[in-house]
Amino acid sequence: MATYNLSVNGKKVKVDVEPDMPLLWVVRDFVGLKGTKFGCGMALCGACTVHLNGQPARSCQTPVSSIGKSDKITTIEGIGETQLHAVQKAWIEEQVPQCGYCQSGQIMTAVALLKSNPDPDDAEIDSAMSGNLCRCGTYDRIRKAIHRAAGEMKVAQPGIGKM
Amino acid sequence: MEKIQTSRRNFLKATGISTFGLALGVTTFARDASVKKITPAILRLEINPFIIIDTAGNITLVNPRPDMGQGSTQAVPSLLAEELGVKLENVQIIQSDGSGKYGSQTSGGSSSVRELWLPIRKAGAAAREMLTTTAAKRWNVAVSECTSEDGYILHKASGRKLSFGELADDASKLEIPKEPKLKEPKDFKIIGKYNKRLDVPERVTGKAVYGIDVDIPGMVYASIVHSPLIHGKIVSIDDTETKKIKGVLQVIKTERTMPHRTSEAVAVVATNWWAALKGKKALQVKWDNAELEKTVNTANYFAESHEAAKKEGINFEEKGDFSVKYAGAKDKLEANYETPFLAHAPIEPENAIAHVKDDGSVEIWAPVQGPDWTLRDVCAYMKVKPEQVKINVKLLGGAFGRKAYHDFVLEACHISKEIKKPVKVIWTREDDISQGPYRPGMLSHMQGFVEDGKITGFHHHAIGESIVGQVFKGLKDDEADPWLSEEISTGNNKYQFATASKVSWTNVKTDIPIVWWRSVYASNFGWGQECFIDELAHLAKKDPLKARMEILPDERFKKVLETLAEKANWEEKLPEGSGKGMAVFKSFNSISACCITVSKKDKGVKIDKVISVIDCGYYVNPDNVKAQTEGNIVMGLTAAIKDGITFHNGACEQTNFHQYNILRLNETPVMDIHIIDSGAAPGGVGEPGLPPVAPALGNAVFAATGKRMRKLPFNINDLG
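Here the protein sequences line up with chains A and B, keeping their order.
Take any residue in the first sequence, note its place counting from 1, add 233, and you have its number in this note's numbering.
Take any residue in the second sequence, note its place counting from 1, add 1308, and you have its number in this note's numbering.
Bear in mind the hints are in silico, worked out from the structure with no lab data behind them.
Hints may be right or wrong, so weigh each one.
Stated by the list, open to error - DSS-like mimics (lysine-lysine), calculated; alpha carbons at most 30 angstroms apart, straight line:
#1 B:Lys1866 with B:Lys1638
#2 A:Lys247 with B:Lys1589
#3 B:Lys1515 with B:Lys1618
#4 B:Lys1551 with A:Lys247
#5 B:Lys1781 with A:Lys377
#6 A:Lys302 with A:Lys377
#7 B:Lys2019 with B:Lys1866
#8 A:Lys387 with B:Lys1515
#9 A:Lys377 with B:Lys1638
#10 B:Lys1515 with A:Lys302
#11 B:Lys1817 with B:Lys1602
#12 B:Lys1504 with A:Lys377
#13 B:Lys1515 with A:Lys247
#14 A:Lys245 with B:Lys1849
#15 B:Lys1917 with A:Lys305
#16 A:Lys377 with B:Lys1501
#17 B:Lys1395 with A:Lys322
#18 B:Lys1515 with A:Lys377
#19 A:Lys377 with B:Lys1395
The following block holds chain A by itself, in its conformation from the complex:
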């Protein structure tokens, strides 16, 4: 057992867990944030995607001991705390979720994509999103929602976008 001081969604949390425990289970069962989901345990499905310093990470394959004191963890609960993120709004507009279980991971991946590439084309969306599985088959709507979110974000922040 070891003590870890983590920064989750901008808040400091202290947990006493085994060093090899994946961040997924730390976040779910010790921090109490259940929005991050368990799907495969092998980084194959993307349901557990969180951001580590803004980059998407598979929390089921991230041992808590590998996280540094200055690292910032963001989960689905952290991206639209005060008001919904443009990606979440687009997900609602396009009515993306069916069961919704994989969507936390889908949204975290999409948010990271739009941060690094504010106006992705279909091929870029395909490449960024192909690691997130959805058994309900909402892929076509995910594509549309990412385009919609990109458009909304461009309006909100003119000047950002592809030159």
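Take the given structure of chain A and dock chain B to it, following the hints.
Same frame as chain A, now just chain B:
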């Protein structure tokens, strides 16, 4: 009609509603409008689901269909809101708990709207009539002068209005109308219109609570070591290494109870699930597998099925003497079409919390498709009475049929009873994929002939393990599986073969656990039926769509095919190396047709476009019909070109998504979905889009390459 004093206390106990004005119950079984006041007597009569309007004007529906993504939590309250004349967001939902008083409560067979279409609407209409009558009396005006709108009864002539809440108490004292007047479809404001699903926001913020997200005070966690050959017996358990892991509390023998067999298993119980999983991985279990590699074996199963195809099966139906006509036919074909075993693989793995208490009562929290079936199974397994069991259904992170099979719930019961604590069992993905239950693999042995350029003879010999047999133990050896009637009977597919037709069946048994999978047998037999019709059309030198039209006089089928031809631009000439294929299949009372365009790419083909047409009769939300059809296309393509489940030497060869691939976003083709407004009685929506997908693809591959695919799955990148 019962006239019994309402016991407020009992009612509150039953519903948890704090103020009680009017409540209505309807039978889900009865087709008539058996609408009665809710009283303790009615509770005992098992009449429901409950619709409650309290004195504050809150409208509550006890929803009898759990939501696994198919949209029942929008569809069912929409039926009520429409007739009651309120906004959808004004109807609150409580999930039913499996008690008999709520009637049938399982999401399955694409049944939610089909079964609840009239009962819920009649309940809503009855409530509205009672509220209107009450208001008219108070104002001393004619009922016909009153209208209802957004939770109020209005008397427009005098500008007066009363809220439902103000009227509820008095309204509840009225007789409930037996035949309330339903809205005309042309007046629908909610049904058939685009409405956003109100449960979407919680599904994009991480706030939705799925079964796996529930925590109970005092709860411990368990991970389970299952027999690799499914039904092995434990020879020895070495838990030395497991017990060294911090957090591990106990290692106990447990069992996995399936409808056809109970298998031994070992549970590692820990203070957290990660520790339980580590404990599972460190555990050494020796198994006695007896002869299981022979009976838990897909190669043996299919070898036996192909042998059965050479023999006569048990007749399900026959028109004309097919065998004689086939023997004498000049232009005829024979072929075998094979579909594999498939895992459901919902992204939320199977999980359940059970708390077996000191007094023997049991409480369950789980993502299950039917609290009623879960209650039944828990009662039978724990040998307790229904009143000793409480089922709390949480959201399902996908199910596709899997979560109406309760082995994982019963495991949690067994472990909780042994350790005397509430326990949360979570299956790993490996458990989910390599333990089943699965869609059964099936073989379709097809024979047919053509006369004067028309398909006039057709025989579908369905071969494989029966869900009715294995899950319900309800199939006699000399009986054809009765579920064929909803799949491939000519009563269902409406094909008219002028000379002779036959549907037959051979039951090939296996110990591999099986269960329904999205669209049940239709996902298997649609492949054989629709690819073989395509083969016969080519034999008849006919366009496959026109060849179908010739033998499909049914008006609804015709309209579906005509629409598909138009929307898919069926007549269009494609460049060399491209081709279109189509298929049509009726399941769960809806007709769905699909056209897929492919083009040659390297050694395989690329899917360019998928067009789907569905006639599901009346529907609630067109956007949800489209969403479900999109899902069916993705799942249907996955079943066609991704991985099947295979058992070699008795063990499943697929363990996780690297070996059991499902379609990804980058592989998802352009999709175009069209709904036909036929005005027919509501059909299913969650499943019917799937069966025509694989055969449309197979037929497209043939059109583009001349290669006839007969075995699923096939490698779309290398057709061989």
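For a C-alpha distance cap of 30 angstroms, please report whether B:Lys2019 and B:Lys1866 respect it. 29 angstroms, holds
Has the given pair, B:Lys1515 with A:Lys377, been kept, meaning a C-alpha gap of at most 30 angstroms? Between B:Lys1515 and A:Lys377 the Cα gap is close to 23 angstroms, so the pair holds against 30 angstroms.
Decide if the proposed pair is consistent with the structure: B:Lys1515 and A:Lys302, CA atoms, cutoff 30 angstroms inclusive. 27 angstroms, holds
30 angstroms Cα cutoff - pair A:Lys377, B:Lys1395: The given pair, whose Cα atoms are some 28 angstroms apart, holds under the 30 angstroms limit.
If you draw a straight line from the CA of A:Lys302 to the CA of A:Lys377, is it 30 angstroms or shorter? The hint is violated at about 38 angstroms.
Is B:Lys1866 within 30 angstroms of B:Lys1638, Cα to Cα? Distance of about 29 angstroms is within 30 angstroms: holds.
Holds or violated: are the alpha carbons of A:Lys387 and B:Lys1515 at most 30 angstroms from each other? Holds. A:Lys387 to B:Lys1515 sits at ~28 angstroms (cutoff 30 angstroms).
For the pair supplied as a hint, B:Lys1917 and A:Lys305, confirm whether the alpha-carbon distance does not exceed 30 angstroms. Not OK: B:Lys1917 and A:Lys305 at ~42 angstroms, beyond 30 angstroms, violated.
Between B:Lys1781 and A:Lys377, is the straight-line Cα distance small enough, at 30 angstroms or below? Answer violated: B:Lys1781 to A:Lys377 is near 46 angstroms, above 30 angstroms.
Please verify whether A:Lys377 and B:Lys1638 have alpha carbons no more than 30 angstroms apart. Violated: A:Lys377 and B:Lys1638 sit about 53 angstroms apart, past 30 angstroms.
Does the alpha-carbon distance linking B:Lys1515 and B:Lys1618 stay inside the 30 angstroms limit? Distance of about 56 angstroms is beyond 30 angstroms: violated.
Quick one, are B:Lys1551 and A:Lys247 close enough, alpha carbons at most 30 angstroms? Measuring from Cα to Cα gives roughly 27 angstroms; hence the hint holds.
The structure fails to meet hints 3, 5, 6, 9, 14 and 15 from the earlier list, while all remaining hints are met.
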